[in-house]
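Q: Sequence:
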Amino acid sequence: MQLKMQKATIQLETLTCPSCVLKIESAVKGLEGVDKDSLQVLFNASRVKVDFHQEKVSVQDVETAISKLGYQVKKSTVK
1316 MQLKMQKATI
1326 QLETLTCPSC
1336 VLKIESAVKG
1346 LEGVDKDSLQ
1356 VLFNASRVKV
1366 DFHQEKVSVQ
1376 DVETAISKLG
1386 YQVKKSTVK
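Taking our numbering, the leading residue of the sequence shown gets 1316, the next gets one more, and so forth.
The calculated DSS-like cross-link candidates involving lysine-lysine, where the alpha carbons are at most 25 Å apart (straight line), are:
no.: 1; residue 1: K1344; residue 2: K1322
no.: 2; residue 1: K1322; residue 2: K1383
no.: 3; residue 1: K1338; residue 2: K1351
no.: 4; residue 1: K1390; residue 2: K1319
no.: 5; residue 1: K1389; residue 2: K1371
no.: 6; residue 1: K1390; residue 2: K1344
no.: 7; residue 1: K1364; residue 2: K1338
no.: 8; residue 1: K1394; residue 2: K1371
no.: 9; residue 1: K1322; residue 2: K1390
no.: 10; residue 1: K1338; residue 2: K1390
Quick list of simulated restraints, FRET-style, between CB atoms:
no.: 11; residue 1: K1351; residue 2: S1382; range: 19 to 25 Å
no.: 12; residue 1: N1359; residue 2: S1391; range: 17 to 23 Å
no.: 13; residue 1: K1371; residue 2: C1332; range: 28 to 34 Å
In case anyone wonders, no lab produced these hints; they're calculated from the structure.
Here a beta-carbon is modelled for each residue, glycine too, at the ideal position from N, C-alpha and C.
Build the full structure now, drawing on both the sequences and the hints.
A: Right under this line is the structure:
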């Protein structure tokens, strides 16, 4: 069975330091269903781009993982 991949772009409030990027990367990569190779945390744009298997994880799961670290999600788009 082919799992359906979705692409999400998650806009965050301002990221203040490069270590923020590492924290977010670690949290999101720890979620089952996330395509770890696709993950991009764009420091200057305060944006996270990630592909994920919608049958295993949702964009809300990714947002929750980021929010638990103390970062505020402004909006997400999924394709």
